[in-house]
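Undergrad: Line by line, the protein sequences are chains A and B.
In this text, residue positions in the first sequence follow the numbering used here: the first is 1, and each later residue adds one.
In this text, residue positions in the second sequence follow the numbering used here: the first is 1, and each later residue adds one.
FYI, nobody ran anything at the bench for these hints, they're computed from the structure.
Any given hint could turn out to be false.
To be verified - Derived pair list, reagent style PhoX-like, types lysine-lysine, alpha-carbon separation capped at 20 Å:
{"id": "1", "chain 1": "A", "residue 1": "K51", "chain 2": "A", "residue 2": "K9"}
{"id": "2", "chain 1": "A", "residue 1": "K204", "chain 2": "A", "residue 2": "K81"}
{"id": "3", "chain 1": "B", "residue 1": "K53", "chain 2": "A", "residue 2": "K292"}
{"id": "4", "chain 1": "B", "residue 1": "K27", "chain 2": "A", "residue 2": "K333"}
{"id": "5", "chain 1": "A", "residue 1": "K94", "chain 2": "A", "residue 2": "K10"}
{"id": "6", "chain 1": "A", "residue 1": "K322", "chain 2": "B", "residue 2": "K58"}
{"id": "7", "chain 1": "B", "residue 1": "K58", "chain 2": "A", "residue 2": "K333"}
{"id": "8", "chain 1": "A", "residue 1": "K204", "chain 2": "A", "residue 2": "K9"}
{"id": "9", "chain 1": "A", "residue 1": "K62", "chain 2": "A", "residue 2": "K228"}
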Amino acid sequence: MGIINFPSKKRYLTGIDWIIHALDYITKKATGTGNTSQIVLELEGSPQKDKFRNCLDSLIGKYPVLHGRPSRDYNLAPYWKISFTKQRQPLPLKISYLDNTSSEANIFSILERIANLKFIGNQEHLFFHLIYAENKTYVAMTFDHRLFDALGAEAFLEMLQNEWKNKDNSFCNKDIIVPAESAHLCNWRRKFIAGQQANRAFLKMGENAPPRVLPLPASLNNLGFRFKVIPFDKYQTDLILENAYKEAGYLMLMPYVLASAIWIMHKLFTKRNIKSGDYVVPVSIDMRPTDKVQQKVFFNHVSFLFFLVRPDEADHFPVLIKSIKQQLYDQVKSELPRNFQEASLLMRILPLPILSNIMRLYLKGQIASFSFSNVGESAYKSSSFMGKKILNILHMPRVPVPPGLGIFFHQFQNKLNVVLSFLEGILSDEEANELIHTLQSRLGAK
Amino acid sequence: MGVTTLKEIENILSQEIATILSVDSSKVILDTPFHEMGIDSLSFVELLVFIEKTFNIKLMESGLTSENFRTVRSLASSISRMS
Numbered sequence: 001m002g003i004i005n006f007p008s009k010k011r012y013l014t015g016i017d018w019i020i021h022a023l024d025y026i027t028k029k030a031t032g033t034g035n036t037s038q039i040v041l042e043l044e045g046s047p048q049k050d051k052f053r054n055c056l057d058s059l060i061g062k063y064p065v066l067h068g069r070p071s072r073d074y075n076l077a078p079y080w081k082i083s084f085t086k087q088r089q090p091l092p093l094k095i096s097y098l099d100n101t102s103s104e105a106n107i108f109s110i111l112e113r114i115a116n117l118k119f120i121g122n123q124e125h126l127f128f129h130l131i132y133a134e135n136k137t138y139v140a141m142t143f144d145h146r147l148f149d150a151l152g153a154e155a156f157l158e159m160l161q162n163e164w165k166n167k168d169n170s171f172c173n174k175d176i177i178v179p180a181e182s183a184h185l186c187n188w189r190r191k192f193i194a195g196q197q198a199n200r201a202f203l204k205m206g207e208n209a210p211p212r213v214l215p216l217p218a219s220l221n222n223l224g225f226r227f228k229v230i231p232f233d234k235y236q237t238d239l240i241l242e243n244a245y246k247e248a249g250y251l252m253l254m255p256y257v258l259a260s261a262i263w264i265m266h267k268l269f270t271k272r273n274i275k276s277g278d279y280v281v282p283v284s285i286d287m288r289p290t291d292k293v294q295q296k297v298f299f300n301h302v303s304f305l306f307f308l309v310r311p312d313e314a315d316h317f318p319v320l321i322k323s324i325k326q327q328l329y330d331q332v333k334s335e336l337p338r339n340f341q342e343a344s345l346l347m348r349i350l351p352l353p354i355l356s357n358i359m360r361l362y363l364k365g366q367i368a369s370f371s372f373s374n375v376g377e378s379a380y381k382s383s384s385f386m387g388k389k390i391l392n393i394l395h396m397p398r399v400p401v402p403p404g405l406g407i408f409f410h411q412f413q414n415k416l417n418v419v420l421s422f423l424e425g426i427l428s429d430e431e432a433n434e435l436i437h438t439l440q441s442r443l444g445a446k
Numbered sequence: 001m002g003v004t005t006l007k008e009i010e011n012i013l014s015q016e017i018a019t020i021l022s023v024d025s026s027k028v029i030l031d032t033p034f035h036e037m038g039i040d041s042l043s044f045v046e047l048l049v050f051i052e053k054t055f056n057i058k059l060m061e062s063g064l065t066s067e068n069f070r071t072v073r074s075l076a077s078s079i080s081r082m083s
């Protein structure tokens, strides 16, 4: 199968895409590296590296979108420029072999280092590492968030799996995988009304701005991110789900884990004697129907909910849960996520330096107290990768700076994983460990 | 909304769940628990908002137990009683 012919060399960026570009700009300006993330497959056994290389080259060759770059049209709408003719270098793939004395901690520190590597130039958005350990292999895909959101990255790995199986990836044909997004230069009235709704919500959030944040280190240049991971087993996950049911209600896992995250952060902030401001937490939500992720792999298909919690609410867990549930209800009722998606289309006219300043206006220079998401069940549906059983899938996202701090929940095969991501220097190792232990206790899995 | 039979409520809820999940309404089984259908926190709240707008009933703080919410059939029955 040759290169898939796309309908256009331009894929217009949506408003959400442009917001993600702005977050990338902000983080790159602060730390030297953009808003990137890493997804790690932990495999039982060792896939063949040559076969991996061949499948990767074959897949990458079909999707020139992977080597695109942002550009701007004469009508000022930004787009992703896709070049079909340029000869490309193969996608970077590094292979490491660890001896049987390597500990899990050693492997993890390698993954941490990889997650902080920079892309080279403006057309590299993806690279892979294979780490062969004693009885396991780790496949780490580091990706540019401008090209994939979290579920999209998982779906892309499934495409690689399909390539290995020689399975036709044409469910992702040209019109589906990179659909021709319009420039959205119409329906201005609807966009403005959506903008009014979104603006009203943000003004309310900024009433007591700036929000409570951890101070950033004095110099941010070339600082990397650290990660702490809790992989819960099935038994622990069932305990957590049961506690969510008891304390938050039926199908209220997201409010429960968000409340738990705010609760532990509140303990940390209080211990640090940070007293002014409320907690403002944006929560990314996927806007694709669950079974449509494989048809919309590239770019960003999320929107956001925004939660505001007062410190006195954060002191009492039942009060905290109730506040979050009510805010969730109110924002869904007022269609804030959809309004935000629609209104953000208006923001595309702004160059990134200006947009990044506007994004920080509402909260007086800040964006959030910390980042959060609860991705839910994985978009990677197979139980194996290149013939090897998948033991777990982890996400290790760098977080926009500010705030440089985030907690992320994700499920794979009905097991919950939690990742704490923090900029070096924003937390000590002891504080990070304490946060993780407190979270485990709060979730009832310890 | 005017007087609605239990069957009509079940149909209305099934249609809305099918829309939320982007599936055919024939795939929505009345006695399948919502969590087994793939409904998560966000989609469940979307359903509750729909119920408020359609039947003028706020279920979020209604005091109903989780058993009342669990399936289309039990939810429709609760709505019918409260309408």
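Undergrad: Could you run down the list of hints and mark each one as holding or not?
TA: Right, here's what the structure says about each hint:
no.	hint	result
1	K51(A) with K9(A)	violated, 30 Å
2	K204(A) with K81(A)	violated, 38 Å
3	K53(B) with K292(A)	violated, 27 Å
4	K27(B) with K333(A)	violated, 26 Å
5	K94(A) with K10(A)	violated, 31 Å
6	K322(A) with K58(B)	holds, 15 Å
7	K58(B) with K333(A)	holds, 12 Å
8	K204(A) with K9(A)	violated, 41 Å
9	K62(A) with K228(A)	violated, 36 Å
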